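Novice: Spelled out, the chains give:
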Amino acid sequence: MKKMNNYIEILKLLFKLSKMEIKNNLFTIRMMVLMPILLLFIGGASWGFSDQNAQLPADVSANTPFEVLFLTSVFVLFSATLGVVLIGFDGISRKKNSGLLAIEFCQPTSRTILGLSQLFGVWLTVALPTIIISLFSILLIYKQMNVFPTIGEIILFIFATSLVLLWYASIQLLVSSIAKDVGSAVTLGVGTWLLFTMIWLLITALLATLLGVDATDTNNSQFALFSSKVDMFSPNGLYQLLLEAKLENISRDLPIWQLSIATICWTFIPSSFFIWRFNKLAA
Amino acid sequence: MAEALLELKGIDYHHKIASPTLLKPFNKIGGLGIKNISLNLVSGNIIGLVGPNGAGKTTLMKLLAGLLIPDKGKIVFKGKELENMIRPNWTKKMIGMMHENVHWYGSSTPFKVIERLFTIRNMKNNKIEKFLDFVGLGIKAHDSLDSLSQGMHQRLSLACALIGSPDILLLDEPMNGLDPVAREAFAGVLKNLAKQGKAILISSHQLAELERMVDSVILMHEGEIIEKGNLEEIRDKYGINNDLILKFPTKVANIKEIFSKNKFENLNYEQYKEGDSFTIKINSPKGGWDITTKQEILECFVSSKIIPFDFRSQKIELVEILSAVTGLDVEKVGMSLRGKNG
Chain A
183 MKKMNNYIEI
193 LKLLFKLSKM
203 EIKNNLFTIR
213 MMVLMPILLL
223 FIGGASWGFS
233 DQNAQLPADV
243 SANTPFEVLF
253 LTSVFVLFSA
263 TLGVVLIGFD
273 GISRKKNSGL
283 LAIEFCQPTS
293 RTILGLSQLF
303 GVWLTVALPT
313 IIISLFSILL
323 IYKQMNVFPT
333 IGEIILFIFA
343 TSLVLLWYAS
353 IQLLVSSIAK
363 DVGSAVTLGV
373 GTWLLFTMIW
383 LLITALLATL
393 LGVDATDTNN
403 SQFALFSSKV
413 DMFSPNGLYQ
423 LLLEAKLENI
433 SRDLPIWQLS
443 IATICWTFIP
453 SSFFIWRFNK
463 LAA
Chain B
93 MAEALLELKG
103 IDYHHKIASP
113 TLLKPFNKIG
123 GLGIKNISLN
133 LVSGNIIGLV
143 GPNGAGKTTL
153 MKLLAGLLIP
163 DKGKIVFKGK
173 ELENMIRPNW
183 TKKMIGMMHE
193 NVHWYGSSTP
203 FKVIERLFTI
213 RNMKNNKIEK
223 FLDFVGLGIK
233 AHDSLDSLSQ
243 GMHQRLSLAC
253 ALIGSPDILL
263 LDEPMNGLDP
273 VAREAFAGVL
283 KNLAKQGKAI
293 LISSHQLAEL
303 ERMVDSVILM
313 HEGEIIEKGN
323 LEEIRDKYGI
333 NNDLILKFPT
343 KVANIKEIFS
353 KNKFENLNYE
363 QYKEGDSFTI
373 KINSPKGGWD
383 ITTKQEILEC
393 FVSSKIIPFD
403 FRSQKIELVE
413 ILSAVTGLDV
423 EKVGMSLRGK
433 NG
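As given, the protein sequences belong to chains A and B, one line each in that order. For the first sequence, the tail end lands on 465 under this note's numbering, and the numbers increase by one without skipping. For the second sequence, the tail end lands on 434 under this note's numbering, and the numbers increase by one without skipping.
Just so you know, these hints were derived from the structure itself, not from any lab. Hints should not be assumed to be uniformly reliable.
As the list claims (entries may be wrong) - 27 Å max Cα-Cα, derived DSS-like pairs, lysine-lysine:
no.	chain 1	residue 1	chain 2	residue 2
1	B	287	A	462
2	A	277	A	198
3	A	198	B	116
4	A	194	B	185
5	B	216	A	184
6	B	219	A	205
7	B	108	A	462
8	B	204	A	201
9	B	172	A	462
10	A	198	B	222
11	A	194	B	222
12	B	283	B	170
13	A	194	B	216
14	A	201	B	219
15	B	287	B	219
16	B	283	A	362
17	A	205	B	204
18	B	204	A	198
19	A	277	B	204
20	A	185	B	172
21	B	204	A	362
22	B	343	B	397
23	B	204	A	185
24	B	219	A	198
25	B	386	B	343
26	B	386	B	353
27	A	198	A	185
28	B	185	A	277
29	B	386	B	397
30	A	184	B	185
31	B	355	B	397
32	A	198	B	232
33	B	116	A	362
Keep in mind it's a predicted model, so treat the numbers as computed, not measured.
Just chain A, same shape as in the assembly (with noise of 0.2 Å):
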């Protein structure tokens, strides 16, 4: 009973600090700046897609409001993780910098409480806004398409961009750890997301090559299947093989056991890593 009651007090206490936390983050110039981009993007995103007037490239459908929300993710890649990035790049090489991480960590609690009411406190300082915008676009497409998505695919949706957030904000704090100043802190910051959001394709284009996968064509069986693999590597690409496996359309043949172990693995890995470097961190 005493344990359970101890258990209970590190809860309330994880979720004080991470409130704090998510206060302090909300109102700052960078959330004021992120706020309209995300509105823009996720909101003008399922706007759009879901017009039924929308000229769309021949090989882009949208024609439920699932296949809306598979297109938005996009969108939701470009600006909430670039939103994980502005937030979280120097959440602890700042505190560290200034001297304030040795005062907290001074104090008689636990340094894996701490680091997780910080990575919450990140995460969720992107998460909520991007969830309650994402909510407001479901509203966009049923006004365009008059028709909503199913419950399965809004949680699908807002499950898969969460845990996205999520794994954005671990591989933020474990780099801003590392990062000894401001200017090492947005290098390795922007340096993670332009990895994932930019280069990956071609990452997955030299591996494919280097296995002797033909490359050259995108649209074959052989290469789907291999940068699905890859994918699985990667935050961006595990998010929209998450979302592919409610599309009908679209089918990489990937076990859906491959699909849970990369989804736990990513949630866990990144997230226990920055709370060992945390622990191990000298002030």
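Given chain A's structure and the hints, the job is docking chain B onto it.
Specialist: Only chain B this time, still in chain A's reference frame:
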């Protein structure tokens, strides 16, 4: 006898420095640090930790605060030896550390900073205002950190150390940025805290500013404690005492006569021109000055109608004490200090 709150016995710590090799890219080796440190922090005592930059003062304080774990030695809290020197939370509750050079900036406020630390410690937030009043930040509680002066920032750092009313206070260069009035007030606060039974360790590279505040001093040099005890005792032990300085607008011609008339013929002195005035420097006798002697010296000039416009004891600089304790000449110690500073 006052209670020993914390004892360090034979503590060694070396900073880890990256030394990558082909096979071990993340290899680290032990660099500078502190060696064979033993000390006791006793309830109600104020100890000054003195040494040049790079002497290991901050490293020692971080070790005491639990931010670093020693490589070797023993740590005893209230008579209880810590296993593997790992710090449980109850030991952290006993210690408050005021860190050197905390950069308080941004739109946050002292209230928010303290609120977060109260929350981390699971303390009730309704006493924050009162707490900030205690350190003189009450009226600035809701001002942004950017708008606070350096002195206010120092007060905020002190407030962070005082949260939870710890038994041991570690103050790392707390006087930086404080004006003389604030320094006086700060010294008063420390004395009050010591009266309440707190053990206080206060570091500085300026001996003079600690002199009036501390009960004893620990001298550190190159990671080692080279001397500890009462400052007067250390001065006596090494024969370093503060000279007496008298300044006059014109040259004093008959010093010898004045001194011998007042039975001070044994005093060693020299007179030299300094700018537009003349200075008489009287070397301190063995055992140091007592107030009566100083008063009598002043009176013997005044009774001869030679009035000095300045009369004071010359401060002994850290470099001189270090030179006496280490046996190195002043210039060599000075060079090593300059090397560390620069």
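Novice: List in ascending order the numbers of the hints, as given earlier, that are violated by the structure.
Specialist: Numbers 1, 3, 16, 23 - these are the hints that the structure violates, sorted from lowest upward.
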